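Peer 1: Next come the chains, spelled out residue by residue.
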Amino acid sequence: MTHSLHREGPLDLLNQEYVLFVYPARGFNYDGSGPRVRRLGELLFHQGPANLLVTTLRKNMYLAISQEEILDSIKDGAKIFCVLENREKIKDTLAKIKEMDEGISIVISGVIDRVREISAELGLNPHTINLSLGIHGRTDRLPPADIRQFTTMCGHGMVSPTLIRDLIRRVKTGKLDLWEASLIAAAPCS
Amino acid sequence: MLIRKERCVGCGRCQPYCPVGAIHFEELKSVVDQEVCYECGTCLRSEICPVDAVEESPYVYDYPRALRKFFSDPNATHALTGIAGRGTEESKSNDVINRVVPGEVGIAIEFGRPTLGMDLKNIQKVTRAMAKAGFTKIEPENPFNDMIQNYETGDLKQELMGEKVLSAIMEFKAKPDRLGLALRTIKEAAKEVDSVFVVDVYTRLEPGLTVPKEIIETIEAEGYTRRPNAKINMGLGRANKRKDL
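Chains as they are written, first to last, in this note's numbering: chain A, -8 to 181; chain B, 2 to 246.
Honestly, the hints are just simulated from the structure, not real lab data. Since this is a predicted model, take the numbers as computed values, not measurements. Any given hint could turn out to be false.
To be verified - Derived BS3-like pairs (lysine-lysine); straight-line CA-CA distance at most 30 Å:
no., chain 1, residue 1, chain 2, residue 2
1, B, Lys30, A, Lys166
2, B, Lys174, B, Lys188
3, A, Lys89, B, Lys214
What the hints assert, rightly or not - Per the computed footprint, the stretches of chain B lying under chain A, defined by three or more beta-carbons under 8 Å from a beta-carbon of chain A, are:
no., stretch
4, 42 to 51
5, 96 to 106
6, 115 to 127
7, 201 to 213
8, 216 to 229
As the list claims (entries may be wrong) - A short list of chain B residues far from chain A (calculated; beta carbon distances all over 12 Å):
no., residue
9, Tyr64
10, Asp74
11, Ile139
12, Gly163
Virtual Cβ for every residue (Gly too), placed ideally from N, Cα, C.
Construct all of the structure, not just a fragment, from the sequences and the given hints.
Peer 2: Structure below.
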């Protein structure tokens, strides 16, 4: 669950979520990016991500595949999407990425104020920002906000509101625990 | 997508996975409503079917139906761009490619997001409004160009009018003094559509992760609310071969 520009949710939850993209640029540094992206992938696994996906495999780290399989799938042009779930973890990760200096674009999706603080502490100079100006049009047709807190974790809209409702029902009736439900909810997002 | 009737055991497990509710029961078997289906492939990728009855339709790559696939399945690589995704790389690699430089602002209208999708008749209402306001140049590598019949009028290709997409990103650049007009036009066009879209603005940052004041003031003056979270390019990328832009 990685494309979170329009992620909805209370600020205290958003403050704990940092999505990190490793993003080679087509035509500019794709060639030879594979080994560099792999080294960054190895670092990210070492940092203990909440989730991680490589675009050449398109399966998240919980779908019965090994870390090695994920890393071995990396070739030139592969991108990594990774979720780190607290401020210290993302700060430490960024410090190490800065030191590695692989020259691949790194994007953080997170609360602007937190990323600003971390950047200042690490001496980083963020380059570009993509701001979300919200949802427009027939917003009355959308699922309710509590469901969107889950579905908007996937920016591509792959997580069905019906699936989320079903999972909530199964958790409330004791058929699934929260972890099991989380894995099911995350799987469609690729 | 389709479900092979002779294999389906009618368990219904696939049904909640469809983001748009296209799968339903018919005579105790699960069936995909072909009109509703966006060809996103979520039902297949979920691997939830116990008897492998879910399959890609043999007609999914036929034109114009293929449009649904390219603009709804994040795993599908669009032939025009070679990029798996609905837009270009927007801000994500801007530190390397400098698509948006100081004194410019990138604007993206993400049709159909976050969940409902949108048909092309509704998308055309917005493209026509934007063209009328003078926003006729779309980011060259954006697959959205594939839909356009006439940039000056914002008309989309007529043969695509029966199609729809889970997300298509109309992406263009403007000088900051045109941002207000763009946002105003988008807001008016939003009243005419029968679905939803999200709006993004991307810009180069000033030192200290500071968004240029002119951009913030324009966004606020046009009555838009910024989300507290954003995508931030950390400035750690560089090109193998520097391209002068």
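Peer 1: If a hint holds in the structure, say so; if it does not, say that too.
Peer 2: Right, here's what the structure says about each hint:
| no. | hint | result |
| --- | --- | --- |
| 1 | B:Lys30 <-> A:Lys166 | holds, 25 Å |
| 2 | B:Lys174 <-> B:Lys188 | holds, 18 Å |
| 3 | A:Lys89 <-> B:Lys214 | holds, 28 Å |
| 4 | 42 to 51 | holds (count 3) |
| 5 | 96 to 106 | holds (count 4) |
| 6 | 115 to 127 | holds (count 4) |
| 7 | 201 to 213 | holds (count 10) |
| 8 | 216 to 229 | holds (count 6) |
| 9 | Tyr64 | holds, 23 Å |
| 10 | Asp74 | violated, 9 Å |
| 11 | Ile139 | holds, 17 Å |
| 12 | Gly163 | holds, 20 Å |
Violated hints amount to a single one, hint 10; each of the other numbered hints is respected by the structure.
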